[in-house]
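Residue numbers for the sequence shown follow this note's numbering, beginning at 453 and rising by one.
Please note that the accuracy of each hint is not assured.
[Unchecked claim] In silico lysine to any residue, SDA-like type, Cα no more than 25 Å apart, as pairs:
id : residue 1 : residue 2
1  : Lys461    : Leu506
2  : Lys530    : Leu463
3  : Lys490    : Ile514
4  : Lys530    : Lys490
5  : Lys508    : Ile568
6  : Lys490    : Arg548
7  : Lys490    : Phe567
8  : Lys461    : Lys490
9  : Lys508    : Leu576
10 : Lys508    : Ile462
11 : Lys508    : His481
12 : Lys508    : Ile539
13 : Lys461    : Asn557
14 : Lys508    : Ser524
15 : Lys508    : Trp558
16 : Lys530    : Tyr486
[Claimed, not checked] Per label pair, the in silico range of CB-to-CB distance:
id : residue 1 : residue 2 : range
17 : Ile467    : Thr555    : 15 to 21 Å
18 : Thr526    : Lys490    : 34 to 40 Å
19 : Ile543    : Asn460    : 22 to 28 Å
20 : Asn460    : Leu576    : 15 to 21 Å
21 : Ser502    : Asn557    : 23 to 29 Å
22 : Asn557    : Leu501    : 28 to 34 Å
23 : Ile518    : Ile564    : 21 to 27 Å
24 : Ile459    : Val560    : 32 to 38 Å
If you're looking for bench data, these hints aren't it; they were derived computationally from the structure. Glycine included, C-beta positions come from ideal geometry on N, C-alpha and C.
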Amino acid sequence: MGNNLTINKILISIIFIAFIFTAIDGILHFLINYLEIKPGISYFTLSPLSTYMLGKFITTIIVGIIILFILSYTNLSKRGVIFYFSIILTIILEIRYFYYDYTYNWHVINMIIHFILLYIISLLILNLED
Numbered sequence: 453m454g455n456n457l458t459i460n461k462i463l464i465s466i467i468f469i470a471f472i473f474t475a476i477d478g479i480l481h482f483l484i485n486y487l488e489i490k491p492g493i494s495y496f497t498l499s500p501l502s503t504y505m506l507g508k509f510i511t512t513i514i515v516g517i518i519i520l521f522i523l524s525y526t527n528l529s530k531r532g533v534i535f536y537f538s539i540i541l542t543i544i545l546e547i548r549y550f551y552y553d554y555t556y557n558w559h560v561i562n563m564i565i566h567f568i569l570l571y572i573i574s575l576l577i578l579n580l581e582d
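Given the sequences, and given the hints that come with them, work out the whole structure.
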């Protein structure tokens, strides 16, 4: 996989992944009452959901580039890279939310949703490059 991913491909792929992931996740948090985002740190007086989405988008891009760059130099198959990319990024994203007063079930559901979304979106985006 390492030979197929240049830094430009990684950057473009991560931006697309982050955009689609953040958009779908934001819609789910908006529509599913149980997954409502609690008020926390609010930047630029945005709503809690907007702040959550902005943070997720930026974090996904920055951390995603680093993870995908490192994984691109392993001997993992493309699906292996996508799996580990998705699971590592999901865990890092979820660590941020432990500082807020969410229930255990909220974290579990949120992590499952994040992993599934990231894995499917990454699989689709990164397979388009072949």
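Does the beta carbon distance between Ile459 and Val560 stay inside 32 to 38 Å, or does it fall outside?
holds, 35 Å
Quiz prompt | Lys490 paired with Ile514 [C-alpha distance capped at 25 Å] | solution = holds, 24 Å
Quiz item: Okay, Ile543 versus Asn460 on CB: inside 22 to 28 Å?
Solution: At roughly 27 Å between Cβ atoms, Asn460 and Ile543 fall inside 22 to 28 Å, so the hint holds.
Item to check | 25 Å Cα cutoff - pair Lys461, Lys490 | outcome: Violated. Lys461 to Lys490 sits at ~35 Å, over the 25 Å cutoff.
Holds or violated: are the alpha carbons of Lys508 and Leu576 at most 25 Å from each other?
It holds: about 20 Å lies between the C-alpha atoms, which stays within 25 Å.
I want to verify a distance hint. Is the separation of the beta carbons of Ile518 and Ile564 within 21 to 27 Å? Between Ile518 and Ile564, where Cβ atoms are some 24 Å apart, the hint holds.
message: Need the status of pair Lys530, Leu463: alpha-carbon distance at most 25 Å?
response: OK: Lys530 and Leu463 at ~17 Å, within 25 Å.
Holds or violated: Lys508 and Ile539, Cα atoms, limit 25 Å.
Cα-Cα ~15 Å, so holds.
Range agreement (Cβ of Lys490 with Cβ of Thr526, hint 34 to 40 Å): Once the Cβ atoms are compared, 37 Å apart, the range 34 to 40 Å for Lys490 and Thr526 holds.
(request) Could you grab the alpha-carbon distance between Lys530 and Lys490 and see if it respects the 25 Å cut-off? (result) violated, 36 Å
Check your understanding: Is the distance from the Cβ of Asn460 to the Cβ of Leu576 consistent with 15 to 21 Å?
Key -> holds, 19 Å
For Lys508 and Ile568, compute the direct alpha-carbon distance and say whether it is at most 25 Å. holds, 16 Å
The structure does not agree with the numbered hints 4, 8, 13, 16, 17, 22 stated previously, though it agrees with the rest.
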